[in-house]
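S.K.: Could you put the whole structure together from the sequences, leaning on the hints where they help?
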Amino acid sequence: MMKQIVFLITLVIGFLAASQMAFAGGGATGFINAGTFALVIELGVALFVVFLAWIVKDKLKIGIPKLLQGVFIWIAAYIVFRVILQPPIPFTLLAVYMGIITIAIFLYCSIDPDSWEQFSEPIRAMLQDDTGKAKAYRYVTFTALPLLIGFGTYSKMVPKFEEPVELRTVHPAPPASINVHGEIIDLQRVLNPFRVDNEGKYLDVGKEVGDFKNNPFAEDASQYLKNVKEGGEIFFGTAGCMFCHGDNLDGKGMFAFAFNPIPANFADPGTIAQLQENFVFWRVTKGGPGVPRETFPWASAMPPWEKHLTKDEMWKVILFEYWHTEFFPRTFGS
Amino acid sequence: MSFLKGLCHPKRMKWGAVALLGLFGLLLLLPLMPIQAIADEAPAGAPAATEGATAVEKAKDVHWKIEGIVSGPPAPKLKYPDNYGTYGTFQSRTLIWVANQQHLYFGSFVLAVPMFVLVMELVGMLQKDKRMAKKYDDLAHEFMKISLTAYSITAILGGVLIFTFLALYPGFFMYLAGIFRPVMHIYALLFILESGILYVYYYGWDRMNESAYLKWCHLSLSVLLNTVGLILMFFANTWVAFMQSPSGVDEQGRFLGNIWMAIHTPLVIPIVVHRILGNAAFGGGVVAAYAAYRLLAAKSPEEKAHYDWMSYTAMFMGVLNLIPLPFAGYWLMREVYAYRQQMGITLMGGLLAWVFIMQATMIATLFVTLNYYLWTAMGRMPGAERYYKYFKYMLLVLIVSTLTWLTPHTLVMTPAELKAMGGAQHPVVGNYGVMSAKNTAINTIITTTVLCFCIYQRANKVPTVKWARIGNLALAAIFVGAELNILFLGIYGYYIPANVRIGLSVPQVCSTLSTLFIGVTLNTMMLKNARSLGEVRWGQMSVRGAYALFLLAVAFTWTMAVMGYIRSSVRLHWHVNEIMRDASPWAFTNPIGYAGNINSMNVLIFWTMLLFVFWLGSLTDKKVPAKVKEAAPEGIVGETIPVASH
Amino acid sequence: MEKGKKKSIILKVGVWYVFILAVFAGYTNWLPQIRGDAPEAAVAVDVASVSVEDLKEMGAKIIFGTNDPEGALARGENPAGKGQCPLCHQFFLDQKADRCPNLIALSTENTADPEGLLKITEEQRSHKRPLTAVYDKFKTKLVSGETNSGITPHARSGGEYLIESEYCPNCFVVPGYAVKGTDDMVSPMPIINKPPIELTDTEIVAVVTFLQTRDGDMSKATAKDSWESYFGKKLGEGAKAEQAAGGAAPGSTTVALDTDTPEQIVTKMGCFACHKIPGIAVAKIGMVGPLLIEGTNAVNRIKSPEYKKAMAEGKVHATTPKDYIMESIVNPGAFIVPGFNDDMLKDFATKFTFAALSKMADYLLEQTAEKAIKEGLDRLPNEKEGSLMKSAKVQTNQNKVHVVSKEEVRDQVSMVSKGGQNHKEAL
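Residue numbers (our numbering), protein chains in the order written: chain V, 36 to 369; chain B, 11 to 656; chain L, 82 to 508.
No wet-lab data here; the hints were simulated from the structure.
Take these hints with a grain of salt, some might be off.
[What the hints assert, rightly or not] Restraint-style ranges between C-beta atoms, simulated for each label pair: (1) V/K242 / B/L176: 53 to 61 Å; (2) V/L183 / L/G95: 26 to 34 Å; (3) L/I91 / B/P595: 50 to 58 Å; (4) V/D232 / B/G491: 38 to 46 Å.
[Said to hold, decoys possible] Just so you have them, the derived chain L footprint on chain B, three or more residues with Cβ under 8 Å: (5) 302-309; (6) 401-413; (7) 560-566; (8) 588-601; (9) 611-620.
By construction, the Cβ of each residue, glycine as well, lies at the ideal position given by its N, Cα and C atoms.
M.R.: See the structure below:
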């Protein structure tokens with residue numbers, strides 16, 4: 036049975052490791068080092084667990100009862116999610132994960148009649164048997180239980196100075212239309228006017244991929260790349276977006292950590308890559324003051340750029356952001 | 011006549027079935043006829059009006075942008091309290107919510123059950139084995155009995171709902187009724203028709219069992235019953251779809267004379283499909299729970315066997331509809347995004363994102379519980395021990411997928427945790443919050459479920475066909491290949507633009523569906539004339555399995571509630587999206603906790619009422635035993651003859 | 082026995098159900114709770130069906146932006162709603178605004194009234210105004226219609242007078258509150274139903290209702306009837322046009338764009354209220370800030386000892402004339418031209434696009450003393466550099482230049498310094 040546990044744990048860790056590998060290779064340049072590092076650590080831990088299990092099972096010839104197996108898996112999962120997974124995940128997510136693991140362990144122990152028997156037998160024995168051992172366990176359990184509950188209550192009631200949990204709706208719903216410089220813009224339909232090919236026709240999302248590695252400063256750069264270059268000039272020059280969003284667009288600009296929330300990391304697949312271009316346009320034009328109420332508390336420091344940039348400039352910056360991160364804005368159908 | 015009688019010949023029965031299903035399909039087109047007629051009328055009336063007076067005003071459809079003749083008043087600007095009724099300070103919205111939900115539960119139940127009954131009656135008729143034929147027929151009959159009482163409760167709840175609308179939301183209801191007037195009448199008439207067919211169908215059951223010809227007539231009644239039921243549901247769905255994505259009216263909400271345009275709203279088709287599947291899954295869950303309860307309460311082994319089998323069959327039927335549900339939901343969501351990006355974001359990333367997390371939790375619960383039920387159910391299959399050792403790996407795959415599936419894109423955290431993480435997105439876990447990961451996870455979950463079912467199918471059997479070895483290899487190849495494809499596409503999805511990525515979900519779904527169709531078919535073929543390791547010991551299912559079925563049923567019910575809540579609240583402060591504003595003080599969207607409490611309450615009310623229905627059903631049982639006992643000795647020993655059906 | 086078994090099963094299943102439901106509900110309650118409030122409805126009120134109390138409340142909301150203006154005042158805010166009235170009008174004793182006639186008129190029982198501000202309410206005043214000789218003077222002078230609004234003064238009652246004042250501020254100007262130098266004929270108040278304030282007819286009726294019922298006597302509210310008798314039509318006709326586009330983001334302010342010409346920027350930003358600028362037709366009367374001939378001024382300014390001192394203190398950073406101009410626009414308080422006060426509005430940093438700012442600076446750099454002289458513009462007396470006219474000794478039409486007294490300048494200055502967002506008021 037131990038073999039299976041080892042296999043289980045190895046698989047969990049392997050899954051995490053593989054995903055990190057996929058992530059590290061995913062062009063998210065900012066985290067390559069962190070990701071690779073975590074990967075190495077995790078592989079090491081996995082090997083160690085396998086080794087440990089081999090010692091216990093094959094060398095020491097110790098069989099582990101189902102109930103204990105459950106406890107072990109729980110602890111192992113806790114260690115993985117709490118310690119090994121870096122940077123640390125928030126408590127709320129940890130609670131969800133551990134909740135699922137707890138249910139999974141129960142399912143694991145009751146999955147077929149034999150293992151259910153194995154699992155429930157010690158509990159039944161502890162509750163019912165008349166042997167001295169069972170009695171001892173019974174006393175311990177029923178002494179510990181109220182104490183545990185008491186401790187739990189105590190630690191819940193004792194005054195603490197904790198930061199409040201904050202909800203951040205990262206993607207608030209945009210309004211149907213916005214007013215920029217006196218013009219009503221229909222956010223449902225508007226397209227980036229600078230996403231164009233050399234003939235000036237709209238360049239469908241995805242077709243710009245050929246220009247991702249090209250030099251925008253080249254003489255023969257495409258119209259799209261020229262627009263990207265102008266966007267870059269705004270990003271690094273006119274508007275100075277990089278002070279917050281970073282030279283690598285990774286949200287680590289020199290001022291970034293003065294803010295809470297910190298500026299968006301465009302290099303992360305979870306930000307602009309998830310959004311339609313016109314959504315990004317809305318966020319750029321209206322900034323922090325323009326987020327709807329549902330997203331509060333949301334003390335975004337993003338200025339409403341409509342007060343400093345023209346519509347064209349904002350569209351170009353957005354074009355540049357996608358080009359630089361090599362992400363594609365989200366689209367629906369053609 | 012002779013042709014029909016000819017169909018009853020066992021050899022041509024299959025053709026009969028096909029013909030019947032074709033008829034069924036044709037009948038589904040029925041409601042379009044009156045609508046089309048009305049639609050044709052509108053343009054015909056137009057020129058006459060133009061001649062008579064210049065007063066004809068044209069306006070553009072709010073969605074389809076087609077010009078039409080204004081033939082209704084604009085949507086009234088509602089005012090509180092003038093256009094609303096209240097009961098003290100109680101949230102009117104919650105009252106209408108509960109009324110709607112209860113009506114919907116019972117309505118779904120009574121519309122879903124005839125679908126099963128149709129299939130089961132047909133299966134029974136096509137059985138060569140007389141014993142099995144009777145078994146299926148009795149089961150179908152018993153299903154029907156349960157739904158009969160529920161049917162009258164549905165009608166009563168419908169009345170309650172209309173009164174609640176008129177009492178609390180008269181302004182809104184009048185507007186809706188103004189547009190859907192003709193459809194509402196057809197709806198009411200169809201309801202009468204439905205009742206008539208239902209009673210003939212149920213009370214004529216035994217009498218029409220007498221000859222094969224009559225039996226076919228009886229089955230045709232079932233087809234008719236289902237058709238009318240589906241049309242009823244379709245109409246009710248169109249109103250809901252109109253509220254969410256109105257068309258057929260202009261920007262001021264003036265009806266443009268063409269009822270078909272008001273029915274054919276941008277979201278109506280995916281909503282209808284999604285709801286039909288959901289209904290069927292829900293109905294299966296309810297019947298399964300009923301049977302599971304009877305199983306636990308059963309006294310005799312025969313009774314236990316019957317209800318064990320019944321719960322399994324009902325659960326199976328529900329699951330058959332559950333599997334395509336996520337895909338239908340995905341389709342609906344795509345259409346929502348295409349209709350209004352704003353609405354899509356409100357759902358998936360904005361205000362309702364947490365409700366969707368709850369919804370995802372429910373889906374995971376459903377599938378994991380289902381697998382668990384199948385595992386424990388194998389405890390009654392001799393020979394299933396061979397497969398026990400694989401269960402835990404399947405569990406592992408399920409749990410890893412569930413972890414991915416339930417990782418939110420937006421994390422809740424304290425500012426300190428945010429700083430420690432270095433951004434709103436976690437560098438590792440953040441990858442599981444995106445669409446690629448979710449698609450991969452849910453497809454993996456479904457594939458695993460299909461695999462579990464295949465194992466269940468062969469648990470007590472050993473294939474004897476010559477190509478068993480090759481067949482096994484092919485089966486393994488299908489599952490491994492599908493899963494590898496799903497995984498590969500999932501990872502590949504991180505590297506390509508979103509519009510292409512959305513396209514990837516199609517091959518992913520195809521992989522899953524191929525395991526379902528090809529895998530299960532292949533498996534079934536292999537098991538033809540298979541060597542049995544022993545009959546299924548019906549009635550010996552573990553108590554844990556029965557409780558899993560209860561969980562399944564509650565999860566179905568709760569999922570329906572939460573989905574309905576999402577669909578309804580995505581309109582935010584609109585009665586009719588962007589046309590008619592909710593001016594009542596309850597135009598806000600409640601926090602998810604409140605919704606959860608109301609949903610739980612609704613589910614509890616529903617099940618309590620169902621308990622009453624079941625109790626009524628059990629009252630009629632009591633007279634039967636004597637009769638059954640006479641019949642019983644003829645049955646096969648130890649099992650299969652259902653006790654107490656009619 | 083059998084019965085007992087059945088009952089216990091029902092009980093067990095029931096407990097299991099309740100447990101599951103409690104887990105589901107509990108989980109939803111553990112998740113973060115957000116309530117999505119409905120946005121405030123666009124104001125589309127059918128006046129006929131609204132009570133006077135509601136209208137008054139609506140009026141207060143338009144004037145103050147809150148239902149509790151006193152509370153906001155106590156917190157040190159100056160509450161101003163869509164109508165922005167409190168920027169110029171005084172509504173409360175402890176509120177500071179004296180550019181336009183006070184509208185306090187709360188209740189005479191208030192003891193803290195040293196100046197007698199509360200003795201007469203606006204409502205009482207309004208009845209007298211159309212009967213005065215001053216009103217007749219306006220009537221005869223504007224007999225062919227007031228230029229901006231096209232309205233001829235014809236108020237016959239107090240209510241009509243109040244309505245008229247909103248649609249045509251120039252139809253009657255309270256003596257002493259007109260723009261200086263206009264012989265009490267031009268009001269500094271913007272036309273309320275036109276941009277930038279743009280109240281709807283209904284909203285104006287609400288505001289007037291608020292003024293009429295300030296003392297709590299609801300019977301005095303005649304606003305709606307007065308509106309209808311004044312305009313001779315039903316209120317609410319053309320209400321469709323009133324309905325604002327639903328999705329437009331609130332508070333989208335005027336922004337100077339690079340596509341605007343310098344003249345448009347000057348108009349949009351209201352620079353002309355304080356500055357004279359050569360080459361800009363509207364900017365000939367400002368008497369609060371320096372004459373903007375930055376081709377001549379800016380070079381001298383950054384070399385001046387005052388500027389060098391400020392530079393040493395780290396207040397200013399400009400090294401080129403263009404930088405100096407841009408700095409002066411976005412950070413007006415950084416350096417005050419000697420002889421002037423720190424009166425310029427401080428919010429231009431959020432009202433210029435970068436390109437527009439650059440363009441404006443370039444334009445101002447082109448303006449020199451010669452150009453100003455050609456157009457007959459001169460520096461204000463309080464500028465240290467002294468009159469252009471005298472130094473150039475060019476024969477010009479002296480009458481064109483309105484020489485102002487120090488008092489007049491101070492009045493203008495105080496007006497503009499409190500001007501908030503509404504530049505038209507400073508006219």
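S.K.: Please go over all the hints and tell whether each is borne out by the structure.
M.R.: Results of checking the hints against the structure:
no.: 1; hint: V/K242 / B/L176: 53 to 61 Å; result: holds, 55 Å
no.: 2; hint: V/L183 / L/G95: 26 to 34 Å; result: holds, 29 Å
no.: 3; hint: L/I91 / B/P595: 50 to 58 Å; result: violated, 41 Å
no.: 4; hint: V/D232 / B/G491: 38 to 46 Å; result: holds, 39 Å
no.: 5; hint: 302-309; result: holds (count 4)
no.: 6; hint: 401-413; result: violated (count 0)
no.: 7; hint: 560-566; result: holds (count 4)
no.: 8; hint: 588-601; result: holds (count 9)
no.: 9; hint: 611-620; result: holds (count 3)
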